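A.B. asks: Next come the chains, spelled out residue by residue.
2 protein chains.
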Amino acid sequence: MSEAKTPDTGRRSERSHQAILKAVVELVGEQGYTRLTIEAIAARAGVGKQTIYRWWPTKGALVLDAFAALMGDVAPLPDTGDVAADLRGVIRATVAELGAPRFEVPSRALTAESQMDPALAKQFVDTLLRPNLEVTKERLRAAQKVGQVARDVDLDVAVELFFGPLFHRWLLRTAPLSESYADTVVDYALAALRPRKSPGGRG
Amino acid sequence: MSEAKTPDTGRRSERSHQAILKAVVELVGEQGYTRLTIEAIAARAGVGKQTIYRWWPTKGALVLDAFAALMGDVAPLPDTGDVAADLRGVIRATVAELGAPRFEVPSRALTAESQMDPALAKQFVDTLLRPNLEVTKERLRAAQKVGQVARDVDLDVAVELFFGPLFHRWLLRTAPLSESYADTVVDYALAALRPRKSPGGRG
Chain X
1 MSEAKTPDTG RRSERSHQAI LKAVVELVGE QGYTRLTIEA IAARAGVGKQ
51 TIYRWWPTKG ALVLDAFAAL MGDVAPLPDT GDVAADLRGV IRATVAELGA
101 PRFEVPSRAL TAESQMDPAL AKQFVDTLLR PNLEVTKERL RAAQKVGQVA
151 RDVDLDVAVE LFFGPLFHRW LLRTAPLSES YADTVVDYAL AALRPRKSPG
201 GRG
Chain D
1 MSEAKTPDTG RRSERSHQAI LKAVVELVGE QGYTRLTIEA IAARAGVGKQ
51 TIYRWWPTKG ALVLDAFAAL MGDVAPLPDT GDVAADLRGV IRATVAELGA
101 PRFEVPSRAL TAESQMDPAL AKQFVDTLLR PNLEVTKERL RAAQKVGQVA
151 RDVDLDVAVE LFFGPLFHRW LLRTAPLSES YADTVVDYAL AALRPRKSPG
201 GRG
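From first to last, the protein sequence lines are chains X and D.
If you're matching positions, the first sequence starts at 1 in full-length UniProt numbering and goes up one per residue.
If you're matching positions, the second sequence starts at 1 in full-length UniProt numbering and goes up one per residue.
So that you can see chain X by itself, here it is in the shape it has in the complex (with noise of 0.2 Å):
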């Protein structure tokens, strides 16, 4: 078969590169990450392994490119200048998407292998949660500079106010989330932030 970049070979290379991302993420979540092969990722997606093995260098990366295509491109939150409604509208997202199951399941999966293998938790957190957590913090750092949010407040501890009480729900099913859950996550985090009319009334 000819490998010129003729319009089909094209089409068929991008079909062949959605449905490995595909099988990865089903994978996953049928049996985790540890014991993922790339010769089951090759039968599921329908490719050959040698196709695989030009596109990933490793089993790792592979699997970060499926979850970064499964989540969606990061982009900044919209500052419609209600920083309350442009967070609704971040944690809202991130609830439904904790909520759906071809989501779910193999994030947890990942989440729970990760917790034996550092090195990949360390590429997930960087390439997966860190630019969610920035484009949150960026606009936390624009509600401070128009007198909403207060200026001494530490945005690594606050991004985690809004996503680390929906985590810890949905990692130990400790409860039920939902939208107005989400919304009541933000009115409360927001409230922590608040600017304060006495000086150094924080604690």
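A portion of the hints provided could be inaccurate.
[As the list claims (entries may be wrong)] Covered stretches of chain D (in silico footprint by chain X; criterion: 3 or more residues with CB under 8 Å from a CB of chain X, positions within the stretch not fixed): (1) 90–99; (2) 115–122; (3) 125–131; (4) 168–181.
Since the hints were derived computationally from the structure, they do not count as laboratory data.
What you are looking at is a predicted structure, and each value in this text was computed from that prediction instead of being measured.
By construction, the Cβ of each residue, glycine as well, lies at the ideal position given by its N, Cα and C atoms.
Starting from the known structure of chain X, fit chain D onto it as the hints suggest.
C.D. replies: Only chain D this time, still in chain X's reference frame:
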């Protein structure tokens, strides 16, 4: 060997009991829950398998007992009248516990494997986690009664404002945990829960 409850037999039983619980925690840290076998526990603890089968009906029950012993008894939080100081105490203690290797390694393993085993996860949460959340809620409820925490606060959401950020940071290793971090989380979370002057002004 006599089964009569002489003082010597009692001491021997107690030693075996403690050795078994210690072996379980060590082995969960080393191998995870799934691969844990009664044979390996018996060998590590220096007891016969029958001793273990006599005392615990299932592997799950044994692991929960071992982690309950590791985590210690759940006591009500002190109520010194200073809700910030009382909560700093429990959150600092949680940070110390999460950072202690004898606790950290097996806890990560159990948290990870709970993701693949919802029944184990539920027992783990109900037996080990929820009592700690409940005593914290109880302290917040007392603070509501004296006007230090707003009466309309949902305490199930509130309690995860304290523990959620810690857990997110610890499990995902987004940043190190420290005592000053613990204090900051308590300060922010309490600021979120304070009564407001304007009625309905939580949003």
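A.B. asks: Give a verdict on every hint.
C.D. replies: Comparing the hints with the structure gives:
{"no.": "1", "hint": "90–99", "in the structure": "violated (count 0)"}
{"no.": "2", "hint": "115–122", "in the structure": "holds (count 5)"}
{"no.": "3", "hint": "125–131", "in the structure": "holds (count 3)"}
{"no.": "4", "hint": "168–181", "in the structure": "holds (count 8)"}
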